[in-house]
Each structure stands twice: as C-alpha cells, then as structure tokens.
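Peer 1: Sequence:
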Amino acid sequence: MMKELLQTIFKTTEDRLKNPFIGAFTTSWLVFNWNAILYLLFSKKDIEEKIRYIENNLSHEGTAIWLPLLSAFLYTLLLPYLNLLIDEVLNYSVVRSEKNIIRKKTNNIENQKLLAIEEIKLEDTKTEYREKRQQNNLIEELQKKVIQYEDEIKTNRDSYNQATDEFRSVLQKLEEEKANLLVSYENRLNDLSKEKDSTIEELQKTISSFSKESKIIYSFSNGQDLYESKDGTRTIYINKNNRSVYSEEEFQDFIKAYTLNKYIESI
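Add 755 to a position in the sequence shown, counting from 1, and you land on the number used in this note's numbering.
Since the hints were made in silico from the structure, they are not lab data. Treat the hints with care, as some may be off.
[As the list claims (entries may be wrong)] Once the Cα atoms are required to be at most 16 Å apart in a straight line, the calculated EDC-like pairs of lysine to aspartate or glutamate come out as:
1. Lys-995 x Glu-983
2. Lys-985 x Glu-1003
3. Lys-868 x Glu-878
4. Lys-985 x Glu-1004
5. Lys-995 x Asp-980
[Claimed, not checked] Label-pair restraints from in silico Cβ distances:
6. Glu-1004 x Ser-939: 40 to 48 Å
7. Leu-936 x Leu-893: 55 to 63 Å
8. Leu-893 x Val-849: 53 to 61 Å
9. Asn-866 x Leu-832: 46 to 54 Å
10. Leu-897 x Lys-854: 56 to 64 Å
11. Ser-976 x Lys-949: 38 to 46 Å
12. Val-786 x Glu-853: 54 to 62 Å
13. Asn-866 x Asp-842: 52 to 60 Å
Idealized CB from N, CA, C, for every residue including glycine.
Let the sequences and hints guide you as you build the complete structure.
Peer 2: Here you go:
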C-alpha cells in the first residue's frame, strides 16, 4: 500500500515538473537562492546554524517568491513570442538567400543549355563527317572480308570433308580392333579358367598325396593340427583343418606363437 502511495506521489510530481511554468519557476528559484542551497549542501556547520542561515536569507519574499515567480511568467509567456520573432527574421533572410541562389542556378542552367546546344550542333557536324568516312572505310573492309571469308569457307569445307573421311576410316579400324580384342579377351578368359581348374585339380591331388604320406601330428593350443610330410627332400607341414601347407620356417613360427599340446605319431 505504501509503495503504491509513493509511486503515485512520484508520478504526480514528475507530471508537475514537466509543466513549462513549474520547470521555469524551479529554475528561477534555484538561481535566486543559490547561496543558501550551496550553504545547506556543502557547509560544515551544524544543522541548527544552517537552519538559522536559511531562515535569515530566505525570509525575504522578493527572492523567495516574487522574483522567481516573475521570471517564470516572463520565461513562459514572452520567450515563445521572442523565439517566433527571431524565427521570422531568420526566415526572411533565409528566403531571400535561397531566392538569390535559385536565380543564380537558373541563369547558370540557361547558359549551360545554350552552350550544350552549340556543342551538340558541333558534335553532330563532326559525327556526320566521321560517319561518312567510316562508312566508306567499312564498305571497303567488308568487301575484303567477304572475299576472304569465301576463300576460308571453301578451304574449311575441303578440310572438313577430308577430316570426315579420316574419322570414318579411324572409326572403322577401331571397331575392328575392338571386335578382335573382345574375341582375344574371351579366349584368354577361357584359357585362364582352364588353367585355374587344372591347377586346383593338381593342388588337390598334391594335398591328398601329402595327407597319405603324413606321419606325425602336432596339435597346438590354438586348435590347429599340423601333419608333417615330405615334398622330395623338403619337410612340409599340412593343416588338418583347411589343408594349408607351411614351410619349416613357418612351422617354427607356430611353435613360438602357440603351445604344443600333443605330439602324436600317426597310425
């Protein structure tokens, strides 16, 4: 409730201060009583002496009420008319100055128009003479270019016909080479397929032969079983699970990498 009351008071005070007369009166009062206000704010005297000083210096009605009130009336009522008079005097001088500027610009524009008309006439004469000369030169150049273009067209037509014949010949050769390459490629694929089938068959026979000759089984911790066998004078090892063939060096790597669980003599 108190907060709303204070807000209402502040709002009313703010509206009053916005009034021109109230603002002028407040300013005038501060001007006429500045010494008492400064004494009250900045003097080191005690409060009782300050009050006595203010009573003695502000008791005069002239400085306390009438002079600030008169100043406020003069400021509020006469100042707008004085500003209006000043604006009228300034507007008269501004209007006269603008008219002089406009008249000078108008005369300048008229002179520029006349000068531009004469310059246009001169340029038209120059342009007419220049265009006639250019037209004659252009006709001669066009006649020369027509003859040159006719020769170039004839030459280009012969070159185009020759290039077309060569292109068709090359295209025919490429088609023939393409057909030959396709036939050669198909034959090569058939040969490679036959070689692959033959190689697989020979490997299967070799692995089967190695399996029959195996004598010793090595069982490792990774679940792989290797058969020891002979390939001529070379000892090899065959994986029982996937039939992979290992050399002696690869077998040693197996021994280093995994634990040998069993060493079984094949039956």
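Peer 1: Give a verdict on every hint.
Peer 2: Hint check results:
For the suggested pair Lys-995 and Glu-983, the alpha carbons sit about 10 Å apart, so the restraint of at most 16 Å is met. In summary, the hint linking Lys-985 to Glu-1003 is supported, as the alpha carbons are separated by about 11 Å, within the 16 Å threshold. For the hint pairing Lys-868 with Glu-878, the CA-to-CA distance comes to about 15 Å; that is within 16 Å, so the pair holds. A hinted pair counts as satisfied when its Cα atoms are at most 16 Å apart, and Lys-985 with Glu-1004 qualifies at roughly 15 Å.
Of the supplied pair hints, the one linking Lys-995 and Asp-980 holds, its CA atoms being roughly 5 Å apart against a limit of 16 Å. At roughly 42 Å, the beta carbons of Glu-1004 and Ser-939 sit within the given window of 40 to 48 Å. Here the CB-CB span from Leu-936 to Leu-893 is close to 59 Å, well matched to the stated 55 to 63 Å. The hinted window of 53 to 61 Å between Leu-893 and Val-849 holds, with their beta carbons roughly 60 Å apart.
With their beta carbons about 53 Å apart, Asn-866 and Leu-832 fall inside the hinted range of 46 to 54 Å. Range check, Leu-897 to Lys-854: Cβ separation about 60 Å, and the 56 to 64 Å hint holds. The hinted range of 38 to 46 Å is satisfied by Ser-976 and Lys-949, whose Cβ atoms lie roughly 43 Å apart. Checked against the hint of 54 to 62 Å, the C-beta distance between Val-786 and Glu-853 comes to roughly 40 Å, which is inconsistent with it.
Between Asn-866 and Asp-842 the CB atoms are about 36 Å apart, so this pair departs from the stated range of 52 to 60 Å.
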